[in-house]
Every structure is written in structure tokens, then in C-alpha cells.
Amino acid sequence: MGNYYQEEIECAPLEKIKALQDDLLPKQVRYVWGNVPYYRKKMEEHGVTPDDIQSAADLHKLPFLSKADLKAAYPYGLLAVPLKDCVRIQSTSGTTGKRVIAFYTQSDLDIWEDCCARAICAAGGTNEDVCQVSYGYGLFTGGPGLDGGSHKVGCLTVPTSSGNTERQIMFILDLQATILCCTPSYAAYIGETLKEMGYKPEDIPLKAGIFGAEAWSEEMRRDIEKTLGIKAYDIYGLTEISGPGVAFECSEQKGMHIQEDHFIAEIIDPNTGEVLPEGSQGELVFTSLDKKAFPLIRYRTRDICTLTREKCSCGRTHVRMTKPKGRSDDMLIIRGVNVFPSQIETVLMNNGYAANYQIIVGRVNNTDTFEVKVEMTPDMFTDNVGEVQARRKVLEDGLRAMLGIKAKVTLVAPKSIARSEGKAVRVIDTRKI
Amino acid sequence: MSVNQVSVFLENKAGTLNKLTEVLATNNVNIRALSLAETSEFGIVRMLVNDVFEATNILKENNFVATLTPVLVYAIEDKAGYLNNLLKSFSAADVNIEYMYAFAGRERAYMIFRVNDTKQAEALLNRNGLKSLTQEEISAV
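Protein sequences, first through last, are from chains S and A. Heads up: the first sequence at position 170 corresponds to 170 in our numbering, and the numbers run straight through without jumps. Position in the second sequence (from 1) plus 433 gives the number in our numbering.
Mixed in with the good hints there might be a few duds.
[What the hints assert, rightly or not] Straight line, CA to CA, 27 Å or less: simulated DSSO-like cross-link-like pairs of lysine-lysine:
{"#": "1", "chain 1": "S", "residue 1": "254", "chain 2": "S", "residue 2": "311"}
{"#": "2", "chain 1": "S", "residue 1": "373", "chain 2": "A", "residue 2": "452"}
{"#": "3", "chain 1": "A", "residue 1": "446", "chain 2": "S", "residue 2": "408"}
{"#": "4", "chain 1": "S", "residue 1": "406", "chain 2": "A", "residue 2": "446"}
{"#": "5", "chain 1": "S", "residue 1": "200", "chain 2": "A", "residue 2": "493"}
The set of hints was computed from the structure by calculation and includes no laboratory data.
Just chain S, same shape as in the assembly (with noise of 0.2 Å):
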């Protein structure tokens, strides 16, 4: 009874995951090579072959993948088996441009529930949990992800998908679900419903939460957990490389592990594409050991994160990766200065306000325009308007310590900032750059 779903590789001494790396990485590129001709081609203009790739070590002789790629060879130009071994296919929101579509075969709907699987072990899970998987299903990987790891955990597993905030916590306090799976901010707002239906941390079911697929702060941890009265787990992945569970917290909730028996990752400086050392921040790029549909090698996730080798108490062995700092899809630059929406999050809660934000940014006169809505909470509320200017100067304040630069703050009435149950619209950009 170890927290681990397939403790043999997930504690695995490292030297075994190492060999195991340079086992399959020759092998992979060759497959890549003899499967994909775009990415042949990118190797060729690169001048290198497989037979220059022995060992891991020789990944960094290997073109990098971007989002551009996925443009440029959507729908079918990185797949690498015929369609009729396809089984599946996910998407994402193409909230930042083409959407991505990625191709499974069934291998690689098994390595991915597998991961999932892991996950939701990491966080306590057994046979004997009633997993509530809260993302949405459909096209977005939260849902199916979850929902298969669940499956291979042996729980009980609650397929309400996102959305009808009322009928998921029906279901939670109904069929006493001990394990959340969604976004963190849709935990968020359920457990804002909980508390203003009256329930304290005591009254509800759940033990743990497991979520992911947007930015989110510490505070926004701290407050989840003592707002549903569980521990919150973190859990990353991304629909190019599967989904969710490419990496994922363990109890000692300080970084996430990478699968490294499936996916090699690398720190780059993203200005040079230089491979950085342990410790350093940077890019984090992704290479799939042993996918076969949508097989991507060093795909840059435009995540900026740091990895860790430190050993870890629970006693897995696989790399830890930090909380990225925000997707650079999700990071704004305003005036200049680089702005990630979790730095926001940072000063409201640290101010007494509930994450329930959006940033609006715009340009007048070739100057950026930047206005943070907040809502106004019945802490914060009173019925003076000198007072109730006063605070709002204050999140100014923070936001300009925070940040660096001037952020208008209008205060907004409680719930009118649109919560799409999938993914919160934190930013409106207008301008036309």
C-alpha cells in the first residue's frame, strides 16, 4: 500500500531509467523517421540521421517541434501509422490559435491511463475511492484522461464532466465521492457553492483533488483545500505529448513527476534553444519514448518551469518539474513586461479576494491598456465609497508591486466574469498587433 500505481518503474533507480531512455530513444527517432516525412525532413535540413542518435544523450542533436509545426502539418502531417490503427483522437480548445489535433493508436491510450493511473494513486486513490471526474469530456484530454486512469485504478469512477454545478455536488455528497478530478477553477467554484450552501470542510466527502490544465497560484491551493477540506494535487500533461498525467504531485506536493519510462524532458533557454542544466529555468521540451499515432520528438511546450533531481520522500525516482509559471500562450506582454496571470491571482488572494478575475487589455494611441476586473465579495463590500476606493487602490497597489507596471482595477458585481466550467476566460485581448 505504497501510493504507487506501477512502483517497479515509478521507483525505479535512476541508472534503470537512464538505460531505459537509451534504449528507446534510438529507436524512436528511427521509427519517427521511417513513419513521419515531415519530421524526416526537419532532420535532414538539420543534418543528422538516426544513426547519430545512440543514446539519450544525442537527443539534443535533434530540430525541435513547435506549436508552428502542428500548424503547418495539421491534420495528418505528424502521424506515423495508417488511420485504421488509430483509435481516437483529442483536441484542443484552439483558445491560442489551430486547434491541435493528436491521434491515439490503443498502445497509446494505455500509456496515457497508465500516467493518469498514477496520478490519481499519487494522491491516495484506491479500489476502495469514488473518483468524480468533474473536466470536460469530449475533445478536451481533462475528461477521457481521468476518466481511463480511474478505470485502471478501480474506482468507482463519477462521469459528470464539467458544468451543472448542482448536479456534481449531488453527486458528491450522494454517492460520497472522496476524489475530485477538474480544473482548479472549477474546485474553485464548487466549493464557493458548498460554502454558500452551507457546508463546512467537515460535511464533505472528499479527501483529494486532483487538478490541472490551467495555471494556478499556491494561494489558490491553499484556499481550495480549506474551502472543500482536502489536499490538492496538481496534475500536467498536454493534449500533443497525451494529456493529463505526463506529470503529476505526489504527497509531498513539492513539484510534479515526469513519466520519464514514457517522455524525456529537457530545460531549453527559449531565446537560444540550448539545452540548460539541472536547476535552471527555462522552456520545457517534451519527447514521447514509445508513442506511436502522434510520436512528437523535443516538442517545445512554451512552458517555463525548472527541473529537480533532489530525491523525493515518497519514493519516486522520476524528475519533478515546478508549477510552470503560465504557458507562454497565457503570458501577456503589457508595456513590455512579461504578465502571467497567476501573478494576479497572487495579489488578489493575498488581499482577501476570491480568484474571480479577468484581465482586459487593449491599446489606445500605440500605448497598452491594462484593466484587471475583480468581483466584489461581501468581505471586501462596504457602504462607504471612500473605503471601498481605498481597497481598490490597494489591489492597485499590489498589482504595480507585483508587476512592475500600472493596472487599472474596476470592481466588478459577484459571479458577471464568465466561468466557462472548462477553463476560466481570464484574459480579453484586443489588440491588433
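Assemble the complex: chain S is given as a structure, and chain A must be docked to it using the hints.
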């Protein structure tokens, strides 16, 4: 006795005040007095209603942020000079008024005051023979 004023946060845009009155109307809450303080982005509605408990519950259910604020209400003759006399008592007792509003009844006029220390102000004014109205008295007006 101070009475409870219901203070409500509203965004300063078309239709928000009407949304508030719609909710109150649907639930049969009667507004006895109302004033509005505004900035360019938001406003605060301050009102006395016939049923404070009902009003706060339905506002919460309808996603309004509302808070209860103690205010002092004094009845005066609806004639020239009476407000002046009342305010003289405030000055004499050194009570600072944050804001005030008023409504006129059939026989008398009613002045609603927000002060920073309600209890102390009430005691000081009471010494001058001024008695503030109770919730019941206002409902009966």
C-alpha cells in the same frame, strides 16, 4: 435605537439599478428610503426597506453583494427650520455626519444619518432630548 440600512454594490452601467429593483419588486420588498452614491465605475445603493431579513436573503440569492449598516433616523416637523435645529444638536454634540438622506412622510419628515460611532452619537443626541426611531416605527410610517 439605530436601524439597519441595506447597502448594495452595483456596477455603474445601464440596467443594474433596475435589476436590483426588479428583484425587490418580485419578492414584495418595499423600499422606504433610498440614496445612491456613485463613482465612475460603481455605485452604492443605500436603502431602508420594510423587511431587512427578507431583503438581504433575496439579494444574496440573486448574486448581489449587500451589507447591513447601522444608521440613525430622526423624525422632524416638515417645516422650514427644523432640519437646521436638528443639525444644531449634531454640531453641539460634535457628531460628524458621514452622509445623510431624507424622505418626507405625510405628516413629518425623516432624516437618515450615517455617523462613525452610532452608539456614542445616539447617546449624545439623546441627552439633547432627541430620540431616534426604531425599525418598527419606520415600518409603521
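Comparing the hints with the structure gives:
1. 254/S to 311/S: Since the Cα atoms of residue 254/S and residue 311/S sit roughly 11 Å apart, the hinted pair holds (cutoff 27 Å).
2. 373/S to 452/A: holds (20 Å)
3. 446/A to 408/S: Judged against 27 Å, a Cα distance of about 18 Å means the pair holds.
4. 406/S to 446/A: This hinted pair holds, its Cα atoms lying about 24 Å apart.
5. 200/S to 493/A: Judged against 27 Å, a Cα distance of about 19 Å means the pair holds.
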